[in-house]
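Trainee: Residue strings, one per chain:
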Amino acid sequence: MAREQLKTLTEPMYYVLLSLIKENHGYGIMQMINEFTEGRVTVGAGTLYALLGRFEKEKIIQQVAEENRRKIYKLTGKGKDILQEEFERLNKMVSDGEKFMGFDGQMPSPPDNDSGSGISMPVNEEISESQQEVSKENTKTPKEIKNKKGFSIGGLGKGVLIPT
Amino acid sequence: MNRIFKSFNFSVVDYKDAENLLNSMALKGYEFKGTGKGQIKGFAMFEKNNRAKNINYAIDIQCNLLENQKEKYYDFYKDLGWKNKDCFNNKLHIFEAEQGSAFPIYTDDLTELENLKEGMRSEGLYLKHGLLIIFFLFLIWLMFRWGGIGINRQVSYFIIIYFLLAISYMVTSMIHRLFFSLRCRKCIDLMDLLSKNVLSKELRFWENVFNIGSFVFFPSVAIAGYCYEIWGIGLNGYGFSNSWNIIWLLICVVSVFVLLSSTYLLFSYPEKSKYKTLSFVGYFMYYLSIYEFFIKYLLT
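Going line by line, the protein sequences match chains A and B.
Note that the first sequence covers residues 1 to 164 in the working numbering.
Note that the second sequence covers residues 1 to 300 in the working numbering.
The hints are simulated quantities; they were obtained by calculation from the structure and are not laboratory data.
These numbers were taken from a predicted model, which means no experiment stands behind them.
Please note that the accuracy of each hint is not assured.
Ranges between beta-carbon positions, derived for each pair [stated by the list, open to error]: (1) A:ASP112 / B:LYS16: 58 to 64 angstroms; (2) A:ARG70 / B:LYS117: 40 to 46 angstroms; (3) B:GLU71 / A:VAL64: 17 to 23 angstroms; (4) A:LYS78 / B:LYS72: 21 to 27 angstroms.
Quick reminder that beta carbons are idealized off the backbone N, C-alpha and C, glycines included.
Please work from the sequences and hints to get the whole structure.
Mentor: Here it is, written out as structure tokens:
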């Protein structure tokens, strides 16, 4: 396959992983997702079949039993880590959203003079140290950052959001 | 029993068109019963039925599955509401469900697009068409090398034109698929991509014309030629022994009937393997008698 490693966790993927925290089979996954999201998210037979196949190949889930010719899956340790990270990321997104929505102040103003990079933050000692750390990390090749886990989270690796 | 036969030679990228065909026939009251199981595979049979109006059909692409993989695959889908009805070419799997009883097979566009790309990759269209092109080119070379004289030359030119038509159809189909897969790489919207698949209906039409035309044409020429020779007027003066000609003539005529009847029987009783062997025997007799005639006729 051209794209061996999944880069983003789409909504169906996230819900399928959630349904496999405890052991489950295909029908159970579909029913639970439909019930718990009150019909907002549905996973079809083909989508589920393809996702389970891909997850099993990437060792995110494993087959733990077989009942009545039905395979029963469960998350592996790697799968639990990925799910936990995604859950925390989504939580942060919501709480950041609340900060933005509660923001009452002015929009940040760009610097008056022509100097420099257009960063609106004043550069003082502390911040320049943390920026040095980040720029050191950024000298790692992109491959190293990606290969930390086989399954990185949506391009929001380190060093992307912090202006340098 | 009110039965209708429709041509069904959809390839992997036309699966939506195939679905639309099945669902529109179901709306008209015709239930899909199966595709050809013998040597003639490119047709689907529909039967007028009361339950047809409530049936929904869906097609999934999984290429070249082994028997045990197929069983697990069908069981999985059955759990989720889609019962397997038929499998065309071991690539298009046709599922049916009652209206409203199951979610669509693909609820996520991205997964469906990935599945289509994987199906296109493992379909092996380029290999199949490529080998056929090489085979036809080889036959053309053979004919130039061993071609006869006199009246044979005109017939051999006709045969060469037939082969060239076949080759050009296959080249067109390969180019069409190449462009489609290039568009696939850039495209992320499945519906947009499938709507740009314009030439496939025409390609399927010409493939049908070609297949049906050659199925009818070659035995007619062979039968006419055998009859001509039996009545003593050898076409190139080499008088073949009449008794052999009668046998070949019979084989040719019988093979056409056997092929057609076994195909029809296999539609009604898809599981019986004796009809499948009958179909294979008919196919063998068919090609044997036709090659016998043309090689004898053209290479002497």
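Trainee: Decide, hint by hint, whether the structure agrees.
Mentor: A quick look at each hint next to the structure:
For the pair ASP112 of chain A and LYS16 of chain B, the beta carbons lie near 59 angstroms from each other, so the given range of 58 to 64 angstroms is met. Here the CB-CB span from ARG70 of chain A to LYS117 of chain B is close to 28 angstroms, at odds with the stated 40 to 46 angstroms. Between GLU71 of chain B and VAL64 of chain A the beta carbon distance is about 21 angstroms. The supplied range of 17 to 23 angstroms therefore holds. The hinted range of 21 to 27 angstroms is satisfied by LYS78 of chain A and LYS72 of chain B, whose Cβ atoms lie roughly 24 angstroms apart.
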